[in-house]
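Number of protein chains: 2
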Amino acid sequence: MGNKKEQEFVKEITPMEEDFSQWYTDVILKTDMVDYAPVKGCMVIKPYGYGVWEGIQRVADKRFKETGHKNAYFPLLIPESFLKKEADHFEGFAPEVLWVTHGGNEELAEKLFIRPTSETIICTMYSKWVQSYRDLPVLINQWANVVRWEKTIRPFLRTAEFLWQEGHTVHATEEEAQEETLKMLEVYRQVAEDELAMPVILGQKSEKEKFAGANKTYTMEAMMHDGKALQAGTSHNLGQNFAKMFDIQFLDKDGVRKYAWSTSWGISTRLIGGIIMVHGDNRGLKMPPRVAPIQVVVLPIAFHKEGVLDKAMEIKNELAKNFRVELDDRDTYSSGWKFNYWEMKGVPLRLEIGPKDIELGQVTAVRRDTLEKFTLPMEGLTEKVGEILDDIHQTMFNTALKNREQKTYTTTDYEEIKKIMKENPGFVKTMWCGSRECEDKLKEETGATIRCMPFEQEHLGDTCPFCGKKAEHMIYIAKAY
Amino acid sequence: MGNKKEQEFVKEITPMEEDFSQWYTDVILKTDMVDYAPVKGCMVIKPYGYGVWEGIQRVADKRFKETGHKNAYFPLLIPESFLKKEADHFEGFAPEVLWVTHGGNEELAEKLFIRPTSETIICTMYSKWVQSYRDLPVLINQWANVVRWEKTIRPFLRTAEFLWQEGHTVHATEEEAQEETLKMLEVYRQVAEDELAMPVILGQKSEKEKFAGANKTYTMEAMMHDGKALQAGTSHNLGQNFAKMFDIQFLDKDGVRKYAWSTSWGISTRLIGGIIMVHGDNRGLKMPPRVAPIQVVVLPIAFHKEGVLDKAMEIKNELAKNFRVELDDRDTYSSGWKFNYWEMKGVPLRLEIGPKDIELGQVTAVRRDTLEKFTLPMEGLTEKVGEILDDIHQTMFNTALKNREQKTYTTTDYEEIKKIMKENPGFVKTMWCGSRECEDKLKEETGATIRCMPFEQEHLGDTCPFCGKKAEHMIYIAKAY
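So the sequence lines, in the order shown, correspond to chains L and R. The first sequence begins at 12 in the numbering used here and counts up by one. The second sequence begins at 12 in the numbering used here and counts up by one.
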């Protein structure tokens, strides 16, 4: 944090305490994660942002395959009639779908809509593919773009078009479908916690908040720096609802034709917004090492001096065998400027190599998470870097967890809930009678919603704080993105 | 080729000599590569077909990154006004774009079209991002879906929606843009020949056949089993056409503002159709090992016998460390049925393990390309399998090359060209004056088109066979998909 130019560089980011929303916008634009597209509600994911998505795809896809799923691709465009088959689903999605009416100069015989999610087209195909119990289970995932018409935009968090994966499975029994629904939620938890260093709370959504057409929706909820919740992934048990509407029947072992049971589950580019808001600080991004597009940046210092650039290149090439590494050998910027630049980009580990380092057979290392500076012997560098990246992951997870715990309150006093949501939003653990009335009242009076009925239920009291009747569930409530 | 059931199994595929088009349809449907979607012109890519696309993505993306490109994502939907900016481009694409007119119940202020290719939206963003020579080159690629409205469908070869990658680069000089255009064509050649075992001819497209809005289009052309050509990948030098229309200007080192030079290049799910039609035979698919979704299938024989299934599982697990392997332990099908099934699926190598094999410390291997059967010691199996897969790749490439050579004719006699195209289509090497008239005449009178002016020019004669004027280029002509 030396000269004036460097300070200005950091000053470009609005401090999060001052205006969290502006901080977010500053960070995503200044780090080249994203840009606004000239189409209302749409974003352009720039290479640095897309690199994070590639990381998420890599770690999620591996787990999908390990749990027996295969990828496929279904059409973007779906005939109007399909949307109307499942009534709740139609009601949920019709207001936000985009309609294709013409091809070239010709009007289409039947209007098509752009998938906001693909249950309708996928179930139509499954109805054709599933005939016998031998065809089950169907375990298919799709990586795709979807569109839900939005006029407002919050890049990564709320955009008309976004990228996601949607798993769609079919099973012979209710038990298997439920098992799959929960298994994929657990996979999502692993992706969030073990890869993105983002602690999550697992639980079930209320009737009001569940997916349009589902029997049960499970969710993972993460807390952002400002105490608000982000729904980071959902897994739906669709029961036989879609099977009945789209006629997915199979001949069972016992010779009886039965309706199948289905599930769907998804995570999206929203997770990138989550990474930014869980880990970032006033210097910019902090990338979780396991999905960071660049894990290590190598900076030659005083690299007009003989041997420095060669050594930096050598180290970069060596590390590149095991990590995603970049060498910043631009001679148009000062080292101080580069320090701030790469901190803003959130690269987990910076390695500096100058003449003195070479002399001493070491590199100077700076961790992005703690800003700690230390030296490492060049000997055995690869192994050491691996250990440090693991430690950065764990430290980032712990920091995020601590932050969440600090902003999690337990109370069954509605007045206190109101006060928390007004003055210092966070997660509130409380009780609930289970009624829609209380849920609506909460939303209307505090702006907060029921995030989930967590799997880890605690008995915090006997009565619902909103109506005074008997409490049925422990819940997390929060304001949410 | 034992019992009746097995023969029937193979009989389901129409022999290619009888009806090549029906052979193709039979193969893609019976091997679960693809299915027809309930939307006109659209396909569903089933897991086995999508697995091939994942293989192509893997080998191509690696090379894109090695040549300095990064992935990004641009919006699916583009405002109408953008399409009109580049006149040739508009003329080329307007007749086949799909129009989005409504969001929910609301009419949109400006109609949007679904990208048929993304030059218009990407150049709009580049205009904003490129300010100085320091911002160049821009080397970005996008993996995406595109839609070009088609009423007919030929899965993988011609569909309304397809998956592809589109690289879009910007450069400071004409020379750099040309270098990039040719570099990416070379990358495509590597993907086709070194990964898909598909020999290609590289060359330049005629003015008529070039991309709408390009200065020059380069192509790789592959020959299918029926002697027809498949345009398997193209790379376009866009000159300053898009830079001028979309205002991509930069301040050069010399302090002068200049228009930039751009390129674009793409390969698509069409390549899957190419793989099928270059390598397949009357037993079904032959998957090139390096992109095969399953490289090795392990079949336990007589697996009710003690130890067989365990051993098969052990071998599968061992090979899975290095290869994409599947164990077929279904007890509902006979071994004979399975042999045919996996041959039809085109899995490059089948390993059978029965009680006798275990006794002798061996496995029985069958290559899909040659149908050759032989034994392999279990000791050192991984290394051996690697060698065999490499050999299968090379043998498949050689076979395809030989097939192409057998169906490539050299003549400057137009009557002979007509006869070839009518009786026994293939590639014809001939000469051309360069005129649009001769090109149109050829198409009209023979159904064949100029596939390219190959880089490897030969002097086959002095006059154009179509008009008798002076010949300017050697060309390949063929009927094409």
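Think of the hints as simulated: they come from the structure by calculation, not from any bench. Be aware that one or more of the hints could be misleading.
Since the list gives no way to pick out one identical chain from another, each pair is judged satisfied if it fits inside one copy or across any two copies.
Said to hold, decoys possible - 25 Å max Cα-Cα, derived DSS-like pairs, lysine-lysine: (1) Lys51 <-> Lys122; (2) Lys332 <-> Lys162; (3) Lys332 <-> Lys81; (4) Lys227 <-> Lys349; (5) Lys322 <-> Lys440; (6) Lys413 <-> Lys73; (7) Lys73 <-> Lys332; (8) Lys139 <-> Lys162; (9) Lys73 <-> Lys269.
Review point. Of the hints given before, which are not true for this structure?
Key: 2, 4, 5, 6, 9
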